[in-house]
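Asks: Whole structure, please, built from the sequences with the hints as guidance.
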Amino acid sequence: MPDDLLSENPWQALRRFTPARIALGRAGGSLPTHEVLAFQLAHAQARDAVHLAFDTPSIVAQIEAEAWPWLEVESAASDRSTYLRRPDLGRRLAQHSVERLQAYRAAHAEEGPYDLVFVIGDGLSALAVHQHALPLLRCVIPALPTWKLAPIVIASQARVALGDQIGELLNAEQVIMLIGERPGLTAADSLGLYLTYAPRVGRNDAERNCISNVRPEGLSYKRAAHKLLYLLREARRLKLSGVDLKDDSDVVLLQDEHREM
Amino acid sequence: MARYQQTIANHTYTFPDLKTLMAKASPEKSGDQLAGIAASSAEERIAARMVLADLPLSRFLEEPLIPYEDDEVTRLIFDTHDKSAFEPIKHLTVGGFRNWLLAYETDSESLAAIAPGLTPEMVAAVSKLMRNQDLILVAQKCRVVTAFRNTIGLPGRLSSRLQPNHPTDDLNGIAASIVDGLLYGCGDAVIGINPASDSPQATRALLEMLDELIQRYSIPTQSCVLAHATSQIRAIEEGAPLDLMFQSIAGTEAANRSFGIDLKLLAEAQAAALSLKRGTVGQNVMYFETGQGSALSANAHHGVDQQTCEARAYAVARAFKPLLVNTVVGFIGPEYLYNGQQIIRAGLEDHFCGKLLGLPMGCDVCYTNHAEADQDDMDTLLTLLGVAGCTYVMGVPGADDIMLSYQSTSFHDILYLRSALRLRPAPEFEAWLEQMQIMRQGRQLETISPQHSLVGAVSTEA
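If you're matching them up, the sequences are chains A and B in order.
What the first sequence shows, in my numbering, is residues 147 to 407, in sequence order.
What the second sequence shows, in my numbering, is residues 90 to 551, in sequence order.
Please note that the accuracy of each hint is not assured.
As the list claims (entries may be wrong) - Derived lysine-lysine pairs resembling BS3-like cross-links, with alpha carbons at most 30 Å apart: (1) B/Lys410 to B/Lys172; (2) B/Lys410 to A/Lys392; (3) B/Lys172 to A/Lys392; (4) B/Lys366 to A/Lys392.
It is worth saying that the hints were derived from the structure and are not from the lab.
Note that the structure is a prediction, hence the values are computed from the model and not measured.
Replies: Structure representation (structure tokens):
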């Protein structure tokens, strides 16, 4: 054992508080060899996650198991490499997808405007969407019995703003984009939720609210759903989303907990 | 009528206006290609640089790249331009200005003296004619010193932001990373948390925890929660102990609007932070982050290249006398900076432009997992910035930010740079590290005993 060359950190116990890479020890002031390799392995795995293909048939099967209606669309980015270099194409629907949504709208004109559309987009981690999109929706949709929901839209090679065009074409008052966040070393499966009120092409990011890092080890489905429902109701009441819609759901949650006590 | 043209071997390149010329002269970046404004050949790029080199610096005072009427950042740049500071260099061309910057006679004092006379466009223009070594050498001559509870930017010093993010803002989790960073000698620029939740309540809870920790151990540093300025203002109104006011900024009015801010809001935010009078050795209360590509990503770049837009963000920053500014250089992704080479170039450009404009410029040396870059590229940029006299860099546990999902520099990386280049932390913080028996001579870590008071900091809180 060459451990006499290393300085261990006597605060290993703090690791129970965080998944961050703390108390790594040092060789001189530098990382020990095993930590250099552990980092390189995590980076290699994250690189692989970025390029994992979106398994839409499995998402469709899970949605159908809930008996929810759905539609499938593609962005104008035709493949992963184009998607990475051309975010503008990922924010725009392919022409055939525009036509699909227009046709759906025309065939269901009697339904009138929708209150809300959920979009499931692969983003930068299909892994996150595969694992967390449906469990989250199962916490959210049953809590919205009086809301008129559009079919769930499954979007490939999607960026966040793609939801604006989808919401506009389907005539929905709000859009929620569930999208795979950029993989990190610790978590390659973080799901992000983006809410936009009155979605239309050209909305900017200050007009959205974001709930980040949805996954069991991060923000749990239950807490994420609580935040999302709060923001949805507030956006509907205030008729806006973005920086002027503050996430005060922590206060509401505390009050709820007090009531439970 | 092409005002800007250059003939190379019977081919005449023409550029219709100054912003096109600037974009074509820029080193290759995927973001400028995405915007459709980059040079279409390597030769065209150099032709543009040749035109730019012969252009008088004063041309930038005659032809705004973004119209004065359309953009409050342009108005800020023109309305605050200091003609007397510009006087010593007003006769120079952009190429001549590069030579002037590199001359032995041009020292820290002369650079500081002309800073108010420089517009960001002039600085961006000259950077396009400079090799990496030029960017390093001139930045090294710049001196920018700021202060709040310690003194940042003195010669021979390298400060660090301790970035203890946690995916759910768990207070013990954040405290554990802070203790780790302090015991590795980091955190003199700021202990700054990117919150997962942008609520005023979360902001206040984090600020109170940081304040308690800083007071309990008498740490000569400052805290910051990098929420939106409006959330921080509300937290102040509710009584939160806020040291530094943070905001992300960009170089055009429209891009700032996409961040939910304008110059008026920044002035309100600065006034709110100043009203608390929490600085002890200085009152630089603002902390800004920037990054090439933000204007384009908000579709708010007006056809101006991303490096020039970035330099314009520094004009916004300098209006508010910040303690710290850093470019988050590789965070934005491969569609703006494709690979290690482009990230390294951008980091050196941003540091140079910020310093020349008089800012306390740091750099988040970083990359994401969808960029063509790795730790070796970051080592290269970190080392080059250290040589260039970078004010501060980030300290993230193991270089892995578990909240923002990207890779930055680690506490170990900062120890490396201090060791390789003989750099020390801010003097007040260095004295505290010695007194706490964490570090000696500003560089070398002590062996920490399990009984060290900081080791017990978190469990007593839990």
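Asks: Could you run down the list of hints and mark each one as holding or not?
Replies: Verification of the supplied hints:
1. Distance hint between B/Lys410 and B/Lys172 is fulfilled; the C-alpha atoms sit about 20 Å from each other, no more than 30 Å.
2. For the hint pairing B/Lys410 with A/Lys392, the CA-to-CA distance comes to about 29 Å; that is within 30 Å, so the pair holds.
3. Distance hint between B/Lys172 and A/Lys392 is unfulfilled; the C-alpha atoms sit about 44 Å from each other, more than 30 Å.
4. A threshold of 30 Å between alpha carbons decides the hint, and for B/Lys366 with A/Lys392 the separation of about 27 Å falls inside it, so the pair holds.
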